[in-house]
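Enquirer: With chain A held as given, fit chains B and C onto it using these hints.
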Amino acid sequence: MSTVELEVAGLVKRYAPQVAIGPLSFSVMEGEFFSLLGPSGCGKSTTLRCIAGFERVSEGRITLGGRQIHDVPAHKRDVGLVFQNYALFPHLTVFENVAFGLRLRRMSQAEIAERVVRMLELVGLPGQARRYPAQLSGGQQQRIAIARSMVLEPRLLLFDEPLSNLDFKLRVQMRNELRDLQRRLGKTSVYVTHDQTEALALSDRIAVLSQGRIEQIGAPADIYEAPETAFVADFIGSSNIIEAAVTRNDTTGSALRTTAGLELLATADPTKIADHCLIMVRPERIRLLEDEETDVLNRISAEIDDITYLGEDIQLHIKAASGERLLVLLKSERRTRALQRNAKIALAIDPSDIHFVRK
Amino acid sequence: MGESRDFRRPVWLILVGPYGLYLALLLVVPAVNIVIYSFLTYSPTKIAVPVLTAANYGKLCDAYYLELFLRTMKLALITTMICALLGFPVAYWLARARPAIASLGLFLLVVPLMVSTVIRVFGWMVILGRNGIINELLAILGLSPVTIMYTETAVVIGLVNIFLPFMVLPTMAAIERIPPSLEEASTNLGANWPQRLVKVILPLSLPGLISGALLVYSVSLSAFITPVLMGGARVRVIGSQIYDQVLVTFNWPGASSLALVVVVVTLLLVFVALRTTRRLARLEVGR
Amino acid sequence: MSGQQPRLLLLVVIFVYAALLAPLVIVLGVSFNPGAGFDFPPKGVSLHWYANFFSKEEFVSAFFKVSLVVGLLTALLATTFGSLAAIGLVRLRFTGREAVEAFFMTPLLVPHILLGAALYLFYARLGMKSSVLTILLAHLVIATPYVIRSVTAGLAGIDPGLEEAAMSLGANRVQAFAKVTLPLVRSSLLSGAIFGFIISFSDINLSLFLSGPGATTLPMQIFSEIQWGGDPTIAAASALQIVTIGMLVLIVQRAFRLRFVV
Chain A
4 MSTVELEVAG LVKRYAPQVA IGPLSFSVME GEFFSLLGPS GCGKSTTLRC
54 IAGFERVSEG RITLGGRQIH DVPAHKRDVG LVFQNYALFP HLTVFENVAF
104 GLRLRRMSQA EIAERVVRML ELVGLPGQAR RYPAQLSGGQ QQRIAIARSM
154 VLEPRLLLFD EPLSNLDFKL RVQMRNELRD LQRRLGKTSV YVTHDQTEAL
204 ALSDRIAVLS QGRIEQIGAP ADIYEAPETA FVADFIGSSN IIEAAVTRND
254 TTGSALRTTA GLELLATADP TKIADHCLIM VRPERIRLLE DEETDVLNRI
304 SAEIDDITYL GEDIQLHIKA ASGERLLVLL KSERRTRALQ RNAKIALAID
354 PSDIHFVRK
Chain B
19 MGESRDFRRP VWLILVGPYG LYLALLLVVP AVNIVIYSFL TYSPTKIAVP
69 VLTAANYGKL CDAYYLELFL RTMKLALITT MICALLGFPV AYWLARARPA
119 IASLGLFLLV VPLMVSTVIR VFGWMVILGR NGIINELLAI LGLSPVTIMY
169 TETAVVIGLV NIFLPFMVLP TMAAIERIPP SLEEASTNLG ANWPQRLVKV
219 ILPLSLPGLI SGALLVYSVS LSAFITPVLM GGARVRVIGS QIYDQVLVTF
269 NWPGASSLAL VVVVVTLLLV FVALRTTRRL ARLEVGR
Chain C
85 MSGQQPRLLL LVVIFVYAAL LAPLVIVLGV SFNPGAGFDF PPKGVSLHWY
135 ANFFSKEEFV SAFFKVSLVV GLLTALLATT FGSLAAIGLV RLRFTGREAV
185 EAFFMTPLLV PHILLGAALY LFYARLGMKS SVLTILLAHL VIATPYVIRS
235 VTAGLAGIDP GLEEAAMSLG ANRVQAFAKV TLPLVRSSLL SGAIFGFIIS
285 FSDINLSLFL SGPGATTLPM QIFSEIQWGG DPTIAAASAL QIVTIGMLVL
335 IVQRAFRLRF VV
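Protein chains in written order, with the working numbering: chain A, 4 to 362; chain B, 19 to 305; chain C, 85 to 346.
Looking at chain A on its own, in the form it has when it is part of the complex:
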């Protein structure tokens, strides 16, 4: 897994006169599972459709396996697309659906039959060949849709939010199967979704999109633990984002003062420091202190504004003594369950949990 399979360079798509997406650039390695993640309207589906050939590219290049495809008609690209609504042909049997592309390539009946049967077994639906899509469940239809694209052995597989029509439990199950299948076949895949959990669970790398531009590309852990922009920090998981000014910055760390006057210490990342910056702290990284812990870095006195019991976690809206309002997520245990509104508590943030993000 080391060669670049798909390269998107400077992609721009205009719906005159505005620019819908771009310029966008990213590369996907051979065999990689790459996700395009973002809220609705961010341009992820448009990007996917440009790669598939259903949208004409205004500017930029798309290269697949060394071959430029952005000019190639949609039916001649070596790309498979799995649709959100599966797009199974209702008037054809499961067998004929999966065989559709093979028939267009004029293969012999025997070879078609062999490939289709093999693929149906691979997706776990042997013996469904004679049925019609309407007779299958959502999960089964999804697998047929995947089988139909995979049987053609394309260089690249595209997925357009394929799991969003399934209910939660099924979604989790299908997600795992999809990941499994992709790993086994080693197919380079680009996956579009708005569900961050899905993206984190499935991908080798994620590109987070907002308003037609890429905010950050990275492995799931990097995206989550080290978001680079406020958008990414807020879109993936929850975050507390505060404006702060840097009062001291050297090899031991940085000292910050937030606009409201809270003083904090953070570990320095020299490239990210500006006099005024945005800092981000994940709610689950804020620690509840015992009454005795007084000599702690970044100690914050606060009052609880609101408590929400979430089952596994307890969510607090707190107001720091300095005035900041923060979101805190604590694990549910006896001590945290005993907390009451308006109680005064002490919290602490480890300096390494304070991240600097761009706007």
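Hints in this document: simulated from the structure, not taken from any laboratory. As the structure is a prediction and not an experimental result, all values here were calculated from the model. Be careful, since some hints might not be right.
[As the list claims (entries may be wrong)] Cut-off 20 Å, straight-line C-alpha distance, at most; resulting in silico cross-link-like pairs (SDA-like, lysine to any residue):
#1 A:Lys79 / B:Glu85
#2 C:Lys213 / B:Lys217
#3 A:Lys322 / A:Leu333
#4 B:Lys217 / C:Pro90
#5 A:Lys347 / A:Arg361
[To be verified] Computed spacing ranges between beta-carbons, pair by pair:
#6 C:Leu246 / A:Arg108: 52 to 58 Å
#7 A:Gly44 / B:Arg116: 18 to 24 Å
#8 A:Gly44 / B:Leu161: 56 to 62 Å
#9 B:Leu31 / C:Ile98: 23 to 29 Å
Beta carbons are placed, not taken as given, at the ideal position from N, Cα and C, and that holds for glycine.
Expert: Relative to chain A, chains B and C alone:
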């Protein structure tokens, strides 16, 4: 949806009664009248004498009538086929066009539909007439004039023109129900546009096409204004025959028997259209 | 899906639309012709034939005293009775409701020329001569189903919960209907009415049989004139019809954004 609870009898009588009664008086009674007439004997002096006979129906098997039926059915069939050939692309284009364009397209389709047939046919008479536009153009090009008016060709041109929207509208409705993602899926799997048309669009729009075709065929069968104005005495169809018998020769028994046969055939065709649509609807997405 | 449609498609579409609209455009053009021939393009612009139209008793009478009157009355009566019927069909539950609905729709299935002949024979048996009334009665038969269909569709889309909410706030059944449902189906009613007018105004196949010295509709008048030779006054008369109907269709499409179901 839209239904609510039961009412006492009187209420529905007030709501549904008036029109029901009206139809009974102005549709059912005249229909029964026609049936009665069809079994009376024609009399040149008294129009009809109360002597029951099946002779009127018998006459419908004469050579004259057979030729009439064949000609009318032939013209209707040709019209239907041309309407299908020309109407299908328009239906597809309308179904897939952007809303603003589709709106305009529909408008331009519906206005001719709503304007009286006489006027539309009149326009064609001006185009195809001896001193009409076609011949004017030919004269400019130095070619000799053609006679199209008062031929079967002219009648077909007229019929296609009048009934094309009847083909386009149901077909368009059927194509609209085909999700564009199905077309995209077939393209993605390697189909070019002819393959897409044959393997995906046509099979799935068949209910609409058949509906439209049967509709066009049945209205063409009973057309009168168009054949009379475009074909004149040279192209007689069922419609001309009925008109003549009612208003000219006053052979009301004869007209009635012919009218009944046409109504029965028309209703049969519509019935078949509805059944086919319903059976093929199984294949439509989401059913 | 850009670029997926063959260029051929657009060509065919343009050709078909051109052929579809050509007769109307030509009629409009001819109506402005200064000369007596049916020249297109017209050799000039003259309102002579329009003036001629308004000077001829038979045309003016056909347009104003018959077609317009019958059209408006048809619209009014068809909407009234059709809406009542539609309300009954959608809101009430009674045995045979589907059969009644199918029965109400039968005028749509019967070829107009046959209906015309049948009514002619019927009127003859009753000794009724052609008049605005006889034509009106006939037009009501063919126009009302359109109103019923339009209002039925409009009513079906309304949540009965709205009326129930009104009643829970103190309105009785009739008040709830009048204050809540009626305003919501207003567009269906209006478009049904306009449709009814158009159907009546442009009808020729019924008028063929039912027109007479007592009353002649405009399309019938045009038809007679065509058969007896005629001059471009026919074109002027036709142009007036085209413009009237064109405007009404535009209103329905714009104001009510409704699709036409044939």
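Enquirer: Which earlier hints turn out false for this structure, listed by number in ascending order?
Expert: Structure breaks hints 1, 2, 5 and 9.
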